[in-house]
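Novice: In case you want the letters, here they are:
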Amino acid sequence: GNSVTQMEGPVTLSEEAFLTINCTYTATGYPSLFWYVQYPGEGLQLLLKATKADDKGSNKGFEATYRKETTSFHLEKGSVQVSDSAVYFCALSDLDGNQFYFGTGTSLTVIP
Amino acid sequence: EAGVVQSPRYKIIEKKQPVAFWCNPISGHNTLYWYRQNLGQGPELLIRYENEEAVDDSQLPKDRFSAERLKGVDSTLKIQPAELGDSAVYLCASSLGLEDSPLHFGNGTRLTVT
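Just so you know, the sequences run in chain order A and B. The opening position of the first sequence corresponds to residue -9 in this note's numbering, with each subsequent residue numbered one higher. The opening position of the second sequence corresponds to residue 26 in this note's numbering, with each subsequent residue numbered one higher.
Simulated from the structure, these hints should not be mistaken for lab results. Mixed in with the good hints, there may be bad ones.
[Unchecked claim] Per the computed footprint, the stretches of chain B lying under chain A, defined by three or more beta-carbons under 8 Å from a beta-carbon of chain A, are:
1. 52 to 66
2. 87 to 97
3. 128 to 135
[Stated by the list, open to error] Over 12 Å on every C-beta distance to chain A, these chain B residues come out as not near it, computed from the model:
4. 80
5. 138
6. 139
All C-beta atoms, glycine included, are put in the ideal place defined by N, C-alpha and C.
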């Protein structure tokens, strides 16, 4: 079946540090992959997505590359800011685009 | 474009009482989802609608939960009676339902059952 595994949190970084949040997946075929971000008291917001192998999704300085050979979609940012403090969810959708599977989330806190 | 609208934002009830949540999806989004999110966890699907038809309700605890989307637009999720373990955030999301379409989430309803 389909599933997503994220690195355990919480993660605490100093401002301007490099961020990596690991995500691996198990799926039938080649699903679409997503990163969502959730700020306190809010719903999930789409951060970026990639729909096929070797695609790179990017937004607001965050990047993730769809790696078919390692079934991974790691989230990276070169220099984090305090405003990036949130919970990040990796997700995949099935081939029809109707069923979504979420990881358990990784909490990020950036300190000044 | 208006986003997914949910109400209420917060609800506190005593166990055994009924509660209802409302969701209005993004205009034109035929697919609507209800998720439950427990503290420190990712969203878990309760039910998915394609227009007015519930196409996946396998994870909905049907003894106490019900949902409807009568005209294929807004939707209501109900719990009756509520139990302590139902305390969670209930998220509504919508999508165009096409391949590669992302989910768009509302801000959720935080339910506390005492």
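Novice: Now tell me, hint by hint, if it's right for this structure.
Specialist: Going down the list of hints, with the structure as the test:
Against chain A, the segment 52 to 66 of chain B contributes 4 residues with a C-beta closer than 8 Å to a partner C-beta. That satisfies the three-residue criterion, and the hint holds. Three residues within the 8 Å Cβ limit are the bar, and the segment 87 to 97 of chain B against chain A gives 0, so the coverage statement is violated. Only residues whose beta carbon comes within less than 8 Å of a beta carbon in chain A count, and the segment 128 to 135 of chain B has 6; three or more means the coverage holds. Remark: the non-interface label on residue 80(B) conflicts with the geometry, its nearest Cβ contact in chain A lying 8 Å away (cut-off 12 Å).
Residue-level check passed: residue 138(B) sits 19 Å from the nearest beta carbon of chain A, beyond 12 Å. Against the 12 Å criterion, residue 139(B) stays outside the reach of chain A, whose nearest CB is about 20 Å from its own CB.
Consistency note: the structure conflicts with the earlier hints numbered 2, 4.
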